[in-house]
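*Asks:* In case you want the letters, here they are:
4 protein chains.
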Amino acid sequence: MLSFASDYIEGAHPSILDALAKTNLVPQPGYGEDEYCRRAAEKIRAACRAPDADVFFISGGTQTNRIVISAMLGTVDGVLSPATGHINGHEGGAIESTGHKVLALPHRDGKLDAAAVRSYLADFYADREGYPHMVRPGMLYLTHPTEYGTLYAKDELTALRQVAGEYDLPVFLDGARLGYALATPSSDVTLEDLARLTDCFSIGGTKVGALLGEAVVFPRGNAPKHFFTYIKQQGALLAKGRVLGLQFDTLFTDGLYQKIAAGAVRQADRIRAALGELGVPSAVPSPTNQIFPVLSNEDAAALAQEVIYTFWEKADEGHAVIRLCTSWATTDEKVDALIAVLRRILGGR
Amino acid sequence: MLSFASDYIEGAHPSILDALAKTNLVPQPGYGEDEYCRRAAEKIRAACRAPDADVFFISGGTQTNRIVISAMLGTVDGVLSPATGHINGHEGGAIESTGHKVLALPHRDGKLDAAAVRSYLADFYADREGYPHMVRPGMLYLTHPTEYGTLYAKDELTALRQVAGEYDLPVFLDGARLGYALATPSSDVTLEDLARLTDCFSIGGTKVGALLGEAVVFPRGNAPKHFFTYIKQQGALLAKGRVLGLQFDTLFTDGLYQKIAAGAVRQADRIRAALGELGVPSAVPSPTNQIFPVLSNEDAAALAQEVIYTFWEKADEGHAVIRLCTSWATTDEKVDALIAVLRRILGGR
Amino acid sequence: MLSFASDYIEGAHPSILDALAKTNLVPQPGYGEDEYCRRAAEKIRAACRAPDADVFFISGGTQTNRIVISAMLGTVDGVLSPATGHINGHEGGAIESTGHKVLALPHRDGKLDAAAVRSYLADFYADREGYPHMVRPGMLYLTHPTEYGTLYAKDELTALRQVAGEYDLPVFLDGARLGYALATPSSDVTLEDLARLTDCFSIGGTKVGALLGEAVVFPRGNAPKHFFTYIKQQGALLAKGRVLGLQFDTLFTDGLYQKIAAGAVRQADRIRAALGELGVPSAVPSPTNQIFPVLSNEDAAALAQEVIYTFWEKADEGHAVIRLCTSWATTDEKVDALIAVLRRILGGR
Amino acid sequence: MLSFASDYIEGAHPSILDALAKTNLVPQPGYGEDEYCRRAAEKIRAACRAPDADVFFISGGTQTNRIVISAMLGTVDGVLSPATGHINGHEGGAIESTGHKVLALPHRDGKLDAAAVRSYLADFYADREGYPHMVRPGMLYLTHPTEYGTLYAKDELTALRQVAGEYDLPVFLDGARLGYALATPSSDVTLEDLARLTDCFSIGGTKVGALLGEAVVFPRGNAPKHFFTYIKQQGALLAKGRVLGLQFDTLFTDGLYQKIAAGAVRQADRIRAALGELGVPSAVPSPTNQIFPVLSNEDAAALAQEVIYTFWEKADEGHAVIRLCTSWATTDEKVDALIAVLRRILGGR
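Protein chains in written order, with our numbering: chain A, 1 to 349; chain B, 1 to 349; chain C, 1 to 349; chain D, 1 to 349.
Don't take every hint at face value.
All copies of an identical chain are treated as equivalent in the list; a pair is satisfied when it fits inside any one copy or across any two copies.
[As the list claims (entries may be wrong)] The list that follows gives simulated cross-link-like pairs (lysine to any residue, SDA-like), each with its CA atoms no further than 20 Å apart:
hint	residue 1	residue 2
1	Lys225	Glu129
2	Lys334	Ile308
3	Lys225	Pro132
4	Lys259	Ile345
5	Lys314	Glu156
6	Lys225	Pro170
7	Lys314	Ala126
8	Lys43	Lys259
9	Lys43	Asp254
10	Lys154	Arg196
11	Lys314	Pro132
12	Lys225	Asp168
13	Lys314	Arg108
14	Lys259	Ser186
15	Lys259	Leu25
16	Lys225	Ala71
17	Lys43	Ala19
18	Lys259	Asp316
19	Lys225	Gly74
20	Lys259	Asn24
21	Lys334	Arg344
22	Lys259	Val280
23	Lys259	Asp123
24	Lys154	Glu298
Please keep in mind that the hints were generated in silico from the structure rather than gathered at the bench.
Let the sequences and hints guide you as you build the complete structure.
*Replies:* And the structure:
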């Protein structure tokens, strides 16, 4: 059956498997001290034009959020997040398990607004020192793309950075699907911008062609003290760190990371165009590799007979928001087949 | 340069890379719901003759210890461990980071003795309810092989199980290198024994031929409630769970797991024989894939010019304990070369 | 200056100081094993008609919430709370510091509605096992009186108990100001009802005439295992536990606890009546010892010259909600004086 | 029955009860903002000649250790403690519950030796950055008096301070019974020395005449950032902070704190002298208010018929170490009576 369920239903981009095979017998030290990690970090620094950046590799996205956020927060701090932020709803309480509160703020299509952040902070600091019986806002968490596939524009990020700076809050940007953001033609945000406008960001591998792995970038060499030991303590240090290093080395060679993502966005655009022609509304204006059509419950049920997708949420009693997702492995043929099904089911409405 | 530094200096056994390549494009659900995880669990249940076992896959050994132990302990419980236990010294305080104390007990060559455990527990329960201002001993942690490569005999495990049972303590056996234990000719402990004599044990993949991954077995379907969500919360759930499942599926097909380990132990036996002929003492009587010769500081320095090994600890002012380690990738040729070097350096002493 | 800032601005009810003086030289064992704790627990069991209740004494309200909730929750559980619940906003992230998320629900005047709770739970359990990537709702937290001084009616509590029971959730009722609830003439909820309708509740001493201290009641002998040691571990076990025991022994002798509260509610009623005559609106319909008048910013400023009160929140640009609070130490004279000031300032509006 | 079980079997020194009674109706702000806390802090600063000191009041000793240590440690740090340190054995795992390991070092009569600390640190830093898979030693914890009633000499403290400084470790001294140290004639360590030689120390009230309460002193204004909020988050902030402030205000007026302790030490000296005359050996050379005679099991049993004492530990099969403790409430008559009993039971041996 056709599956557009997510961007992690297949294995890895073939170049990664090739690289694993080629280097398999080369002895390397463990725990991230191997030459592939070193090389991958070098390439990421270059791509971000951040020569002083600290770069670490961690196995998954929740792991990354959990470790980065708890390492950057002070003891009595919480993290400001859009209410829809991945850390607030879909990580099983990972942040709270480290002892910190997620301070959920209103969002628009998954995005925070600088004015809303400023208003929250102004209230907290109405008393000059901040209200001492409440959780202190200790950092700003953003996702890019968001959980709804939407993107910040550069001036939106700049405004958020500005307000965070006024209140001395570091900014962490969760880039679990960052490749798709970078590869979206209408987006004006580059890796270099992220290195300038955040204090830490992650570059997701798992959902952009790797078997597993996220790169964590502290762009100004500003990793928390003893961050390596913290990764170890939290159980996230792989003995064969080479597995992560080699994948990012491959992804950041000859622009593979963005090529993979660009292909997926192009296929998503084709699906979006077909849905548009069929008059299917979109729940959110996502320009990346995730698409959120609103279908009648009947159409959704009919589609489920032929295509694996993700049920996202109820739109109203009669309609559902579903999610279709493309990836490095989404071929023209698969998309043609999907569009044919969509036309057949939705064409006669 | 020759490297016997550890059993994780190379990539994965070639069968694993093959399996990854062959299944790369097969769409699978995420988060461990894929068919490879299901199949691997089935094969592990069969190998353990534990048809009701709960089986989970986690990326690394410290991660596994951290999650399993904290999930099995009650709020005020600590974990009894040999002082040399991996959790006590080499995991960056991973257990304590979950809020629990490691209660370190005296060891012999890395092993706990049932009598020492009983004496500790009898003291704690001198007051029938246990002393309420102290950390309660809540479970028993063992490693097999130990950090020194030594093994429990079946009657030693049985005795530990017995005393743990008397005090209602579950037993968790950390098998980060379990394959080498199972493949050691002189050992009488089988997977089936472990399923019977423990409440949980891990089957290490990372150090026995996998890229990464440990299987966690609760042999009587006795996984802690909501253990899956706990893995997620702790950041240890891989989106592409297939990567773990497929590796264990491969390792538990046609006895590959034990074959890999048996080869490594055989090569270690050759090195041990050569060291014996050279009259080099061993710091501990390890029969598995780790060897701990005691060398003079001069010999150790000379050896370091030609072979990468691990410095283990100072034996005395003039001598060092070093560790040599074999793996699935240790060939006859590599061992021949090592033995030649050893004879050259140590032969004339 | 007149102060109606809170119910903890004075020391203790004189009977408590007398009891401390009288027993001062009587040797007693430490850590809550003294005879006063035993006697206080006996009297509380009798007052609740809960002969099997486990009763503990803890120094403060946040301490109590933190310890009780974290002891009752499972590892991956969060606590359902009205968004205005004390644990969600005013305890510095105490619950999260124990690793658990506060799942904030909409409220009305500080109260949860059974229908809203049922709707949340039905959504979570749409998938029969509950959504495994999300925090599990693990218990229900209520305050009575609420942070707004409002009270649950017995049928409201019964409905909440019903829905909690359907989903196997324990109910914990935070009674930091419980005395005022019990002493409010219009309330139909008794200690006996609480023992029947909750799995745990606290009886606040600090804000009802004690120097410090809260009693925690597990009405069916259902205290979490090793709760005593958990109190110790969390640093909340007083060496001179007698100080807590003696105070509750005194408060639960001859109905002193309710007498103290009844006096305060009566004084609050006098103030409410005066405000009503003056046409001052109330932000919430609190019938207990807290009063929340809405004043123009000018009137609020004028009042602040003569009376210490608590600024509660902005009502709109021109108006403020303030809080006035009575206690065991609020005399007729003090209230007369306050009413005179209120009439002078607000009379001519 | 005569009780020498501990120094917390009675209530508070009468001056404290008087002060509570006298100030009972004076309205004061809550949460430590009252004038008694302010005054007590001022007097403590003066007594320590530490005009910039930050002073906080916390309800109990374990609470204090738990909060101070976890606030001062970095994320991956552990605390160096003598193996007999209160935090290592008798606080129910309080430190570990905050995520940090207690790194237990060998002791002599409860005391750490600067050379042993230096040796541990030199090993850890054999690799210049410290071994990154292990818990980092992050601070030094001492008790004074120790759990065995023994005291550091000023030059011992100076040596410990020196080695800690070399490795950039803060020193925290747990003074749960500090008064008795200050009042011991043979001791050369003053409050002023502690302010100079530590980064934080506590001044115990509970065991030196208060109902409850410990003062925490950061002598150079070096309290961890947002320490007040951390106290709140950990549940240790009393609403009626006045109760703590007033007690320390009283204890630090006219030298009451040391007077109380001096009386207790004098009575302990009388008991020590009597035991000496009777030829009873002492398990440790404690010069403070705790005495640790070694009795035959028969004598211990006979004594238990007439005097309440604490069983400390088994000395050998035939002998027990017991503890006798004096306090502010130990009168000449009580000690006369005890000595008479001791002579009767032990005299004819």
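*Asks:* Hint by hint, where does the structure go against what was stated? Just the numbers, ascending.
*Replies:* 4, 5, 18, 22, 23, 24
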